[in-house]
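S.K.: Each chain, written out:
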Amino acid sequence: MKTFSSLSVRQLEKKVGNFLLRANFDVKRGERLALIGPSGCGKTTLLRLLSGLIQSDRGEILIGDRHLTDLPPEKRNVGMIFQDLALFPQMSVLENVTFGLKMRDIAKDQREQIGLELLNRLNLKSRAKDGVQLLSGGEAQRVAFARALALKPDYFLLDEPFSSLDENLRGDARSLLKDLHAEWPAPLVFVTHDSRDVQDLASRALRISESADRSLRSFDG
Amino acid sequence: MRLQDEAIFFERARKGAALFVLFFLAIFVFAPLGRLLRETEEVIAGILDPQVLSAIRVSLFQAVVSSTLSVVGGLILTLLLTRARTYEKFASLLWSIPFSIPTLVAVYFWLQIIFFLNEFGFSARPSLFWIITAHVAFNIPFAALLLTQARMKISETELEAARTLGAGRWVLWKSFIFSQMRPAFFIALLQIYMMCMMSFALVLLLGGGPPNETLELGIYKALRAGQLDMDRAVAFALLQMILIAIPGAFIMPHLLKKSFSWSQAKRILPIEGEKRHGKIFGMLLIFISALLSLPYLFTSLSGIRYFFSESEFLFRELLRPTLISIGLSTATMVVSLTLATLSVFALQQRSKINQWVMTWGALPGAISPLTLGLGLWLLTSDFFDPFLGQPVFIVLLMSLQFLPLALRWLWEADQRDTKNLYGTARVLGANPFQAFWVSKWISWRSSLLWTGALIFSASFGELAAVSLFYSESLVPLSLQMSRWMGRYAFWKADAAAAMMILFSLAGLIAASRLAKSQPWGWRRG
Numbered sequence: 001m002k003t004f005s006s007l008s009v010r011q012l013e014k015k016v017g018n019f020l021l022r023a024n025f026d027v028k029r030g031e032r033l034a035l036i037g038p039s040g041c042g043k044t045t046l047l048r049l050l051s052g053l054i055q056s057d058r059g060e061i062l063i064g065d066r067h068l069t070d071l072p073p074e075k076r077n078v079g080m081i082f083q084d085l086a087l088f089p090q091m092s093v094l095e096n097v098t099f100g101l102k103m104r105d106i107a108k109d110q111r112e113q114i115g116l117e118l119l120n121r122l123n124l125k126s127r128a129k130d131g132v133q134l135l136s137g138g139e140a141q142r143v144a145f146a147r148a149l150a151l152k153p154d155y156f157l158l159d160e161p162f163s164s165l166d167e168n169l170r171g172d173a174r175s176l177l178k179d180l181h182a183e184w185p186a187p188l189v190f191v192t193h194d195s196r197d198v199q200d201l202a203s204r205a206l207r208i209s210e211s212a213d214r215s216l217r218s219f220d221g
Numbered sequence: 001m002r003l004q005d006e007a008i009f010f011e012r013a014r015k016g017a018a019l020f021v022l023f024f025l026a027i028f029v030f031a032p033l034g035r036l037l038r039e040t041e042e043v044i045a046g047i048l049d050p051q052v053l054s055a056i057r058v059s060l061f062q063a064v065v066s067s068t069l070s071v072v073g074g075l076i077l078t079l080l081l082t083r084a085r086t087y088e089k090f091a092s093l094l095w096s097i098p099f100s101i102p103t104l105v106a107v108y109f110w111l112q113i114i115f116f117l118n119e120f121g122f123s124a125r126p127s128l129f130w131i132i133t134a135h136v137a138f139n140i141p142f143a144a145l146l147l148t149q150a151r152m153k154i155s156e157t158e159l160e161a162a163r164t165l166g167a168g169r170w171v172l173w174k175s176f177i178f179s180q181m182r183p184a185f186f187i188a189l190l191q192i193y194m195m196c197m198m199s200f201a202l203v204l205l206l207g208g209g210p211p212n213e214t215l216e217l218g219i220y221k222a223l224r225a226g227q228l229d230m231d232r233a234v235a236f237a238l239l240q241m242i243l244i245a246i247p248g249a250f251i252m253p254h255l256l257k258k259s260f261s262w263s264q265a266k267r268i269l270p271i272e273g274e275k276r277h278g279k280i281f282g283m284l285l286i287f288i289s290a291l292l293s294l295p296y297l298f299t300s301l302s303g304i305r306y307f308f309s310e311s312e313f314l315f316r317e318l319l320r321p322t323l324i325s326i327g328l329s330t331a332t333m334v335v336s337l338t339l340a341t342l343s344v345f346a347l348q349q350r351s352k353i354n355q356w357v358m359t360w361g362a363l364p365g366a367i368s369p370l371t372l373g374l375g376l377w378l379l380t381s382d383f384f385d386p387f388l389g390q391p392v393f394i395v396l397l398m399s400l401q402f403l404p405l406a407l408r409w410l411w412e413a414d415q416r417d418t419k420n421l422y423g424t425a426r427v428l429g430a431n432p433f434q435a436f437w438v439s440k441w442i443s444w445r446s447s448l449l450w451t452g453a454l455i456f457s458a459s460f461g462e463l464a465a466v467s468l469f470y471s472e473s474l475v476p477l478s479l480q481m482s483r484w485m486g487r488y489a490f491w492k493a494d495a496a497a498a499m500m501i502l503f504s505l506a507g508l509i510a511a512s513r514l515a516k517s518q519p520w521g522w523r524r525g
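Protein sequences appear in the order of chains A and B. Using the working numbering, the letters of the first sequence map in sequence onto residues 1 to 221. Using the working numbering, the letters of the second sequence map in sequence onto residues 1 to 525.
Pulled out of the complex, with its shape left as it was, chain B reads as follows:
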C-alpha cells in the first residue's frame, strides 16, 4: 500500500469508528435522556412533594459529607505516603482492592458490622450514619489514589529549589504542593460526590427506609417497588441530574483552565530529611490502608465454607444466578472494551468529531444507571416490556456506566510514548499493524486485560443497572444476594458474596498473569 493510500485508509477507518461510537451514544444515551427531558413539568410538580424534598435533602447531605470526608481522608493518606515512600507500592496495592470488590460485597461487610454490634448489645441499625460511614470508608482509597497521582507529578527539584531559596514547610505546602494538587483535589471531590449521589445498592441496604431515601432510591421505588409511579420517577431522575450537574458546572471550567494530564506522572525522589520517623508513618499508612481494604475480602471469603457443606443449595439456588451474572458481566466487558477501543482509535486523529467522542464518551459517567434506564424505559416500553426482563438493556446500562473508565485507561495506554519504537519498526519494514504489534501492543494488552477484569468484577456486583430490567427468570447474583440480605438469610448472602469475590479475584489474577507474560507469539517474532 502506498503511503498516501495508507493515510487515507486510516483516516477513513478512524472516521468510521468515531461515527459508530457517536451513533451508539446518540441512540442509547442521548435519545433516552432527551425523552426524559421532555417531562420537565414533572419536576415542577414533583419538587413541591414533601417526599421529593426529603430525598433531595438526604441525597445532598450524604453526598456532600461523604465526598468531603473521603477527600480529606485521602489527602491524609497521601501526606503519610510522602513521609514514607518506601511503602508506596504496598499502599497503592491496598488502595486498589476496593476497586476490584463488587459494591454489594462492601455493603454486605457493613451490614455484618451492624449485626455484629447488635449482638454485643449496641442498638445499631441501618441509618444515614451507616450510609455515610460506608461511603467514606469505600472512597478514601479512591481519593488517595487520585491525590497520590497528582502528588507524584510535582517536580521534586522544584521543591528542592524552593527550599534552597528559603521556603519553609508551610510555604512549600501552600505555594507548591497543594497549589499543584488542587485540580486533583477538586476532581476527586466531584467524582466522589457524583458516585455518592448515584449510589444505589449501598443506600438501599444500609439506609433503613423512607427517612433516608435518596433520589436514586426514589427512582427505583417509583418503578419497581410498589405501585408504578412514572411521574414521580421522572421527577426524581431529573432532579438528580440537576444536582449532579450544578457542582460539575462550577468545578469543571476551573479544572479545564489548568492543564491536568494523567499520563505524565513522575516518580518522587525520596528526600532524606523526610525519612525521619518514616517507619512510623509507613506503619500507620499501611495499618489505615489495610483497615480500609482488607476486611471486605476476609468477610466475603468466609462464605466459601458453605460451598462444601451446602452442595444442594449451591446447585439449586446459587448456580443459576451465578451463570446469569457471568453472562451479563462478560457481555458488559466486551461491549465496554469495544466501544472504548473504537473511541481511542478514532481519537488518534484530531478532529471536531473526535472531540465529541471524547466529551460524549465521558458523559455516561455523570448519569446514574437508573436515570438512563428510566429514559430507556420511557423510550422503549411500547415495544419491550421491562417486566419481562431485558438482558440487552442491562448490558447496555452497565457498559455505558463503565465506558468512561475504560476510555480513560485505554487512552492512557495509547498515549505512552512509543513513537520511536513504532518508527523504528516501520523503517525496518513492518507494516502499520506489525509496527503496532511490536510497539504499542504491550501497553495496550495489559490495559485491556486489567480494564476488562475490573469491568467484569464491578458488573458482577452491579445492582442499579439490573434493578429496572430484571424478571423472575433473569435474576443475577447481585439481585439474588440483595434479596437474601433483605430476608435476613445471611448464610446464603455469605455464600453469594464469596462467589462474587471468587469470580472477581479469578478475573484479576488471570489479568495479572497474562499481563506479565510475553505477548502471544512474541518470541516467534
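If we strip away everything but chain A, and leave its shape as in the complex, we get:
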C-alpha cells in the first residue's frame, strides 16, 4: 500500500518579467489546494516550477524528505493536467494513457492492462483504440485524468483543468476528480478562475498577495 507524503514548497522564488514570484506552503496527503488570483499573476508559472518545466532561482520543493528542486520533470513522478489537456494527437487513447508507463520501461502487456483498467474505470474502454481527435470534450478530459493517474504520481498539478468544458460537464468532472483523488490521495494543487471549482473541490485555497508596488507576488500558507 502506497504511503503518501506531503508536498512542501519552501521559500521558492522565481523572477518573472518585472516581478518576483515567491511561494511557501505545504500540501498534505489527500489535500486539494486551489491557487487563485488574477490572470498573469504567476499561478501557471508556479505550477511549471513545481513540475520542473522551469527552474526556480531559489528555494526548495520536497515530497516528504525527497528533494525535487533540481530534478528534471521526467524524474519527479508528477501527474500534471494542462489547460488544453495536451493529449498527443498522433496516439490512440490507450497509447496516451500508457505513455508515461512506457517511459518507465513497463512491459507492454502490463501497461496495457493498467491502461485498460483505468479506461474501464472511466467508462472509456470502448474508445481505447480511437484517435484522441475523435473524443468529445468530456471524454478528452477523462483521458487526461487517466493519463495522469496511470503513473501513480507522488503529487498532482492541474492547470485550469475544467476550462475547456461547458458548465454541465464541469460538475461531473469535478465529482469524478474528487472520486479519483479519494482513491489516490496524493497532494493536489490546482489553478482556477472559477469560484465553483474552489467551492466544490478545494480543501484549501491560497490567494496571491502582492506588495504595494507589485514587484513581489507570493503564495503563502
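Please keep in mind that the hints were generated in silico from the structure rather than gathered at the bench. Be careful, since some hints might not be right.
To be verified - With a cut-off of at most 25 angstroms between alpha-carbon atoms, the simulated DSS-like pairs for lysine-lysine come out as follows:
#1 K279(B) x K102(A)
#2 K174(B) x K129(A)
#3 K75(A) x K152(A)
#4 K153(B) x K174(B)
#5 K129(A) x K152(A)
#6 K125(A) x K152(A)
#7 K108(A) x K125(A)
#8 K108(A) x K174(B)
#9 K28(A) x K178(A)
#10 K108(A) x K15(A)
#11 K75(A) x K174(B)
#12 K153(B) x K89(B)
#13 K129(A) x K2(A)
#14 K15(A) x K279(B)
#15 K178(A) x K125(A)
Unchecked claim - Covered stretches of chain A, going by a simulated chain B footprint (3 or more residues, C-beta under 8 angstroms):
#16 65-74
#17 93-107
Said to hold, decoys possible - Which chain A residues stay away from chain B? Per the calculated CB distances, all over 10 angstroms, these:
#18 E13
#19 F25
#20 L116
#21 G131
#22 H181
#23 V198
#24 Q199
A virtual CB, placed ideally from N, CA and C, is assigned to each residue, including glycine.
Model the placement of chain B on the given structure of chain A, informed by the hints.
M.R.: Leaving out everything else, chain B in the frame of chain A:
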C-alpha cells in the same frame, strides 16, 4: 443586390476566374508539354548517348548531394534556433536575404571566391565541387525557414506533457519533434532537389564545362550554343522531367497523407531549461546565418563605385539592359500576381474545377523554364522565330515559374482568420467589397506587395527563361552580366551585380514601407 443574387454573382465570377486560369495554363503549360511528350522516341535514342548519360549522372549526383546537405544544414540551424529563441527574428531575417537576391548575384559571389583563391596561390577553378558548395550555401537558409515553420507548429504543452510523463530528450526528439517535422523535412528535400535539378545560371557559370554538364545546361547548349540540335534538347528535357517526377511520385503520396498546413504556425513558448547556453547557441546561429547571407550583399554592392567613376559605360552599356530587365520584371510581376489573385479568388469556393486550379497552378514549379521554353519553341517556332527575340515568351516563362510561389503566399493571406471582421462589417451595412476592404485587404495588401517585390527581384536575375528567347536587341541585364563574366570583364559584372541588388533592395524596401503604412484611404473610413 439581394443575398441570393449576390451569391450567384460571386459563384459565376469565381467560375469565370477558374476557367480563365485553367485556359491560360492549358495554352501555356499543357500544350507545350504535350508537344514535348510527342517526341518520346528521342529519349530512347538519346539515353544511349554517352553525353546524355554523363548529364544524367552529374544532374542526379549534384542534386541529391546538394539537397541532402542543405536540408541537414537547415535542420542544424533550426535546432540551434530552438535553443536560442530570442534570436528568432534576426535569424529569420538573415535567412530570407538569399530569397531577395537574384541567383546570378550569388553565382557572381562564388566566382569571385574562386578567383580570390587563385590570387592567393590555390588552384581553384569552376567544377562540380563549386556547384554543390554554392547550391548548399544558397539553400541552407531556405531549408531552415521551412523546417523552422514546422518546428513552430509543434505544441509546446505537448512536449511539456511528455516530459512530465517521463520522456527524455531523445524520446522527445524522436517521437514528438522529428516525427512532426518529417513532412516538412521531405518537402524541403524535394523542393531543393528540384531546384538543384533545374538550376541553370549557377551550373553554367560555376560548372566549368562539359564534364560537369547537367540536363538543364544540355537543353540550352543544344539550342543556343553551337549547332541547333533539337532532338538532343528534347531528350535532355524529357529525361529531366522524369528525374524530377520520380522522387516527387515517391514522396508526395506520403506527404499528402499527413495534414500539413502552412498557415497554422504557433509560437513556441521558451522553455527555461533550454535557455542554458542560449547566448552561445544564439551567437553561433547568427554567425552561421550571417555567413550564409550577407556576403552576397556586400560583394555585389562593391560595384556601386563604378557608377561614379565610369559614367560613360553606365549610359552606353548598362542602361539599356537595365531598362529591358525592368520592363520584363515588371511585366512578370503583374502577370504572376494577376494569375495568382484570380486563382485564389476562384479557390474561395470548393469545387472540382478549383481543385484542378490548385494542382495545375503548382505544376509549373516542377518544370524547368528551359523545358517549358523548349515546348513553347516546338509549338510556336513556325509562327514566331525565337532567334528574333520573344519578350512575351520570356515574361510567360518567368511568370509561370513564379506562379506557385505567388499562389501559396496569396492563398495564405486569404486564409487568415478574418471571418468575424468580415461578418461584423457586413452586419454593419458594408457591401462585400467594402467588407473585404476593412477585413481582408490588410493581409492581402502586404502579401501582394512582398510577393510582387520578390518576383520582381528574382526575375531581374533570371537567366534560364531569358536564354532561349533573347536576341541581340533584347539582352536583359542578367544575360549581359553572364556574358561579362564569361569574358572575364569582372568590373563590368561588378557594376551589373550592384545594379541588380540595388533594384532588388529598392523593391523590397518599397514593399516593406508600404506594407507597414496604413492602407490607402484607411483613415477616411
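S.K.: Evaluate each hint against the coordinates.
M.R.: Outcome of the hint check:
1. Only pairs whose Cα atoms come within 25 angstroms are accepted, and K279(B) paired with K102(A) is rejected, the gap being roughly 35 angstroms.
2. Taking the CA atoms of K174(B) and K129(A), the gap is near 22 angstroms; set against the 25 angstroms cutoff, the hint holds.
3. Between K75(A) and K152(A) the CA atoms are separated by roughly 13 angstroms; this keeps the pair inside 25 angstroms, and the hint holds.
4. The straight-line distance between the Cα atoms of K153(B) and K174(B) is roughly 16 angstroms, inside the 25 angstroms bound, and the hint therefore holds.
5. Note on K129(A) and K152(A): the hinted pairing holds, with a Cα-Cα distance of about 22 angstroms set against a maximum of 25 angstroms.
6. With a C-alpha separation of about 19 angstroms, the suggested pairing of K125(A) with K152(A) holds against the 25 angstroms cut-off.
7. For the hint pairing K108(A) with K125(A), the CA-to-CA distance comes to about 17 angstroms; that is within 25 angstroms, so the pair holds.
8. With a C-alpha separation of about 19 angstroms, the suggested pairing of K108(A) with K174(B) holds against the 25 angstroms cut-off.
9. Proposed proximity of K28(A) and K178(A) is supported: the alpha carbons are some 15 angstroms apart, at most 25 angstroms.
10. Of the supplied pair hints, the one linking K108(A) and K15(A) is violated, its CA atoms being roughly 42 angstroms apart against a limit of 25 angstroms.
11. Straight-line distance between C-alpha atoms of K75(A) and K174(B) comes to about 19 angstroms, which keeps the hinted pair within the 25 angstroms bound.
12. With a CA separation close to 16 angstroms, the supplied pair K153(B) and K89(B) stays within the 25 angstroms bound.
13. Taking the CA atoms of K129(A) and K2(A), the gap is about 30 angstroms. The hint is violated against a cut of 25 angstroms.
14. At roughly 19 angstroms between alpha-carbon atoms, K15(A) and K279(B) fall within 25 angstroms of each other, so this suggested pair holds.
15. Proximity of K178(A) to K125(A) is assessed by CA-CA distance (about 21 angstroms); at most 25 angstroms being required, the pair is judged to hold.
16. Here's how the segment 65-74 of chain A fares: 3 of its residues keep a CB closer than 8 angstroms to some CB of chain B, so the rule of at least three is met and the hint holds.
17. Counting residues of the segment 93-107 of chain A whose CB falls under 8 angstroms from any CB of chain B gives 4; the rule of at least 3 is met.
18. Under the 10 angstroms C-beta cut-off, the non-interface status given to E13(A) relative to chain B holds; the minimum distance is some 14 angstroms.
19. With a least CB separation of 21 angstroms from chain B, F25(A) remains clear of the 10 angstroms interface cut-off, as annotated.
20. The Cβ of L116(A) lies farther than 10 angstroms from every Cβ of chain B, with a closest approach of about 18 angstroms, so its non-interface assignment holds.
21. Interface exclusion of G131(A) from chain B stands, the closest Cβ pair being 12 angstroms apart, more than 10 angstroms.
22. Every beta carbon of chain B lies more than 10 angstroms from that of H181(A), the smallest distance being close to 18 angstroms; the non-interface claim holds.
23. In this structure V198(A) is separated from chain B by more than 10 angstroms, as the shortest Cβ-Cβ distance comes to about 24 angstroms.
24. Distance check on Q199(A): its Cβ is at least 27 angstroms (rounded) from any Cβ of chain B, clearing the 10 angstroms threshold; non-interface status holds.
In this structure, the earlier hints numbered 1, 10, 13 are contradicted, and the remaining ones agree with it.
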